[in-house]
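So you can see what is in the structure, the chains are spelled out below.
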Amino acid sequence: MKKRITIDPITRLEGHGKIEIFLDDRGDVEKAYFQVPELRGFEVFSVGRPAEEMPRITPKICGVCPTTHHICSTKALDDLFKVEPPPAAKKLRELMYSAFMLEDHNLHFFFLGGPDFVVGPSAPPAERNILGVIAKVGLEIAGKVIKLRRECRDVITLMGGRVIHPVCGLPGGMSKPLAEDDRLKIVGVAKNGVEFAQFALKIFDDVVLKNKEYVDLVLGDTYKHTTYYMGMVDKNNKVNFYDGDVRVVTPEGKEFARFRPGEYLNHIAERVEPWSYMKFPYLKNVGWKGFVDGKDSGVYRVAPLARLNVADGMATPLAQAEYERMFTTLGGKPAHNTLAFHWARLVEALYAAERMLELAQDKGITDPHIRNIPTAIPDEGIGIVEAPRGTLIHHYKTDKNGIITEANLIVATVNNAAAICMSIEKAARGLIKGGKVSDGLLNMVEMAFRAYDPCFACATHTLPGKMALSVQIRNSNGDIMQTISRE
Amino acid sequence: MSDFEPRIVGFLCNWCSYAGADAAGSARKTYPPNVRVIRVMCTGRIDPQFVIKAFQAGADGVMILGCHPGDCHYKEGNYKALRRFHLLRKMLTQFGIEEERFRLDWVSASEADKFVETISDMVQKVKVLGPLKREIAA
Amino acid sequence: MKVRVGVYICSCGTNISDNIEIDQLVQFSSSLENVGYVKLNSLLCSEDGKNYLAEDIIKEKPDRVVIVACTPKEHEKTFRNVLQRAGLNPYLFQMVNIREQVAWVTDDKNKATEKAKSYIRAAVKRVTLHEPLEKKEIDCNPDALVIGAGPAGMEAAHMLAKAGRKVYLVEKNSFIGGRVARYEDVFPKMECASCMLEPKMDEILHDENIELLLNSEIQEVLGFLGNFVVRINKKAGFVDNEKCIGCGACYEQCPVKVKNEFDYNLSDRKAIYVPYTGALPNVPVIDKKTCLRFEGQNTGPQKEAFEAGLITREEYERFKNQDCKLCKEACMFDAINYEDTDEILERNVGGIIAATGFELFDPSVLPQYGYGKIPEVYTSLEFERILAQTGPTGGKLLTKNAKEPESVAIIHCIGSRDKDYKDYCSSVCCLYALKFAHMIEKHSPEVKVYDIYADWCVPGKDNQAFLDSIKEWKNIEFIHTTLPMNVVSKMKGEKIDLHCIDISEKKRKVSADMVVLCPAMIPGKDTAKLSELLLIPQGREGFFAEGHTKLAPVSTNIEGVFIAGCAQGPKDIQNSVAQGAAAAGQALSILVPGRKLELDVMTAEIDEKVCAECMICVGLCPYKAIVIDKEKRVAVVNTVLCKGCGTCVAACPSGSAKSWHFTTEQIFAEIEEVLK
Amino acid sequence: MAKPKVAFYWCASCGGCEEAVVDLAENILKVVEAVEFVLWPVAMDFKIKDVEALQDGEIAVSFINGSIRTREQEHIAKLLRKKSGLVVAFGACAHIGGTPGLANFSNREIIFDYVYQKSPSLDNPNKIFPQEKTTVKEGELTLPKFYNTVFTLDQVIDVDYYLPGCAPPPDLIMNAVEAILTGNLPPKGTVLAPDKSLCDTCKRKITKPEKAVIKQFRRVHEVLLDPEKCFLDQGIICLGPATRDGCGERCINANMPCRGCFGSTSRVEDQGAKFLSALASIIDADSEEEIKKITDSIADPAGIFYFYSLPASMLRRKFRTEL
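Residue numbers (the numbering used here), protein chains in the order written: chain S, 1 to 487; chain B, 1 to 138; chain W, 1 to 676; chain X, 1 to 323.
The set of hints was computed from the structure by calculation and includes no laboratory data.
One thing to keep in mind: the hints can contain errors.
Below 20 Å or equal to it, Euclidean Cα-Cα: the simulated EDC-like pairs (lysine to aspartate or glutamate) are [as the list claims (entries may be wrong)]:
hint, chain 1, residue 1, chain 2, residue 2
1, W, 328, W, 252
2, X, 292, B, 135
3, X, 118, S, 213
4, W, 172, W, 191
5, W, 442, W, 404
6, W, 289, W, 323
7, W, 609, X, 195
8, X, 205, W, 607
9, X, 292, B, 5
10, X, 292, B, 99
11, W, 172, W, 33
12, W, 632, X, 210
13, W, 235, W, 339
14, W, 111, B, 71
15, S, 202, S, 213
16, X, 188, X, 178
Taking the hints into account, I'd like the entire structure generated from these sequences.
Next comes the structure, spelled out in structure tokens:
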């Protein structure tokens, strides 16, 4: 008899998500669908807007990572208006962006990913949340996490005017220079950040790597997909969030492609499925073979693990050491273990903190010359940055008066859409056998899904800390046999 | 679209265009009844919200008739109306309201003929444009 | 709460009922929400129509009234008075114009009826939102301040004083009479200027209602109609006009010799001086810039006078940085006080009259005439002084080096009627040019006069005869050119050769010993500053802008501020005096002692709870009726000055400005109802 | 007595308002003790049937952010209205439509046509469009209906109070929560922020001249922006005068002009039209072609004047638009 599992709606998403799992007659998983039931049409209503307003329109795509959209949109405008920002402006942008990455990555680990490991994957749901984490690592740590978050967000407010939807980006630079006493304050925050990032990695060591059960889970096949990987690297192929070329490596780790932002259309295409408003990007030159991994499927992955797989290393010393330690533990590059996203995220957080410190200590950053006024006639501009959740692309076309005539946005998480579906299906298939649905199913599905820290899973801010899911299991004629839900 | 009778709101200023309308009346000049007149003391008083409220309430066209530049009873009210008119007309095109549906003109207290011509011309133009079609909401 | 509206429909005899189904209107109106009753009448504006209306309102006691009839422009006031009489606030009423704008202009009867219905529906909804408005009034200060003691200013001051008003006459110079004090004779009667002025000046000086403030300028004007506060900067004259009898002993002793501005530097004067013999008031004033006790010590004019050879080295050395008291010692009446200082005086008045006169266009800008380069080229005002007995030559026609000229040339329209300079005609130059000719004919008939003119501007009942009368004189030759601009004067030995093209395109050359230019009249030097102080705009050519070119020549956009004389535009003495009287008349009609000033009721008002002092409205008001309350940091409308045009209300981005009787809510209601 | 029940929900939202709540940092702990959350999708288990199981009005207050874009969002908003004593529209999207409200210049047809047909990176040979109902081999999949128009919260349910801002600043949120907990609330329908416009507290106000005039408009990317002078005085469009105060001029202090996210004061029905009126009135030109030249230099008036408030404007959306 056929069975169907609906997880709807998944709470704690940025936006709305739904999972449908269909069982075959033997009760095993036949197919799983991950649906995004929401769309707002940003690309369409950007048409007609003055290009210079886009850095204040596009952040409203996501209130969790508005700084990413603001910076990416501003870079697209630099390209559109053919204007090079002065060095101080670039440093200011990267400094603000590093503060954002540090805060966002750490929050994800402690408030979302952490509970799965710190408290244990099979612990009762009520414990698997921030309260559980605090109990395990102590109140003092939680205080440190909240302090880091507030300090980093204050840095962004200081430079961008506001942390939820900053406004300082302009084509050719920034709207406001950095004052010396503010720079000193940021140095303090950065130092605290580096220390905290190292500490977070230590926790990961004690809690995860020293626990065989977790290591098996990480290295196990359930959470493994041999896919292509995409990420941005600087000129010496080191991970860079703010600027550089986009690099793609094959499942074996060989460089498959390297392109400037302007050529993204030669490499990325998007599929449409009737059952989701979200589209599914894949590598054009490999081709769409459906929701499968492997060398000939165009499905690729982005975000922390992908970036580290793609790059030859980290641009800062401490992070580089962690980079090497991670890959040796995982058995070489590229690592395909989805749960390793958590580890890679902490390595990146350390890099972000170190980069923030480097920039904050650079005296030139307080140079008042932070704007070059564009003079060229605008027509087309493309900007790419690495969002916490993957490669973000803003592509604008305008008339000669700088009014947007077309806008194409590939939002970070979308790149992982196909991979998320595959991970959910693989996890479900690995756990549901013969129609028997175990209590751990919910948590295991979450882990597959949460590792990507999908933008709409902005569960980074869970306070009472649990992923609420309700699963209805129906028999083949659709009536509900059993409901398992998380209190 | 022959039987379509456009509904048009006309904002007239008390000292010139309203008096011009009265003059047309005293001279028994007939003109199409489509324009509903609202009297204000000066075209400077006309808040762009009035124009938009008229379109929202179902008008197919809006007219502002004021004193000729330099004749304003309050010196400069009509200049302010002229400034607002140009920016508002440009913005309304972004709302799908064609430029011909919103018109500003000058009619002095004695220009009964010009008043009748302006009204008839506007009614004719809006008749050609047809009713302002509303989008279904949901 | 329920509002009960009474609707009265007038058939206007048959004017309305001919083309509108009146009974449908009655039936329709009674179906409307809030309508208490509907009454039909054949002629509401007639006497018994009005009585019927008053009695009915007293009987029915409605909360609001709607009258469906003719144009409000004709009978809104009438019916407001009726409501007043019937004890209902006159603003709780709305009129519906279905005669001029429906019945008379719509041939299809049912369409007319439909249109009338929509107007009634709108009026009934609007009237429910009307608020009672009370007539507002303020008491007003009947006194007045006049700026400028020329013919216009003196006439205004005199009339106001005669009507019993206290007048403050502020004059920049130390004498009164303005430009006319400089003339010998005036056209057309060739009357002696001083004989004409003296009686008027005498009355001004001795009228106790007039406080004469000489050597004084306006520093600041605050307030509004009926309540102006004017601050006046009175410069020290150092001579007490009570004690001084004008004997002149003091200025004989003064060692300083400088150019006398009154005679346009054609004569000299002392540091303590009277501009011309016979100046009134006959009280000298010490000129701080040249007097040795003050700034004139060892620099300035004293040095120039010595270098110009006017005084000897010994005299120059003697008085260097010494405590010179010569004039004080010479004064037998102890009228000179060196401790005198400038002072700021404050006067409260109800109205202000600006009569600040004119200047002459500076001909040196037009090199072709040689003014400023050729010594014998004079402006008309300089020539007036040469012909004046109190002038530098005692009235004798002499050149700068005291020789009798054989010929004098007079050139009209200098800088006038030319789009690059002054494109208007100053209307008096032709006349005073003829006056000069008449004077030369009378005093030095043997002198040859060349009158180079473009067109004759001799309006008025006597002036054509004035022109014709000089034509018989054999020694005058009129040269009719097309463009005075292309007259070129060149020095030729002692003489000045004037090259011009006459009307028949022929080149003409005349040579003359003296050339008199008739430049355009332009606004006085301080007009721009005063227009800012009085908040009244300057018109196209810089003269004060009158309220209306035809109907309000002496009022301005600021209620209570009037203008008169050449300050409003070029004109002759007769018109200046007439305007002085007109301005005084206007002030007298508004500022009646004891009577309160009734203010516009439908003015704007700003809610200080919402206003954020965003400064959008302040600059928009043509009447400068909006000022910032510095403590509360909000904009405030001065309802005395506000005319209720509503421009600020429409522009106010926070919606804190409200326009009484034309509120946004009332107009929104009308819009929605009229489209239903 | 039992702690008052509080619900947080998000419709067509970006999650920024959720972040704003968490940004209360330490204060959130105070709130967490004082109330009992019955719904907070970002943080808690959410079950439709639990909310349905509550008595009507059992929830003391529901904070709903995000505009209404799909039938599912409308359905949940109506449910919460039924179950709540007070409903607070939280943030610009719920209050006046927000930036996504600019979609009201287009409609479903145009959006679908671009996203699923015309976007350059698209590979959709057989022209697949998302469907409300899709039957696949294994069964039927549904998607909520996507409305033609973005609605503000009070166009769908009755709203008691509004917390303006994109996102509302922490101090306003705390004041609102305290006012609700202590019960001293202003009259229904009030926007919980000062009722003056932004210029009231803006530091640049003192640089404003007596007579505000604009000779030429400049766009922010065309010129260096003076950090002291009032933007309008530099010819830069700043919606401050037509926008409610209370945000602490966070954009202006970052040297960028205001875009009006707090909506208008209580005295104005259409923020965009009112700002247009103020801006046009101070254009320094009187001749027709001079005025036309200056107004034509303003890029995208509708987009800038209704940056956050299009759905709440009188016209709400564009009239019939062809593809």
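Original post:
Which of the numbered hints above does this structure break?
Top reply: The structure conflicts with hints 2, 3, 4, 9, 11, 14, although it agrees with all the remaining ones.
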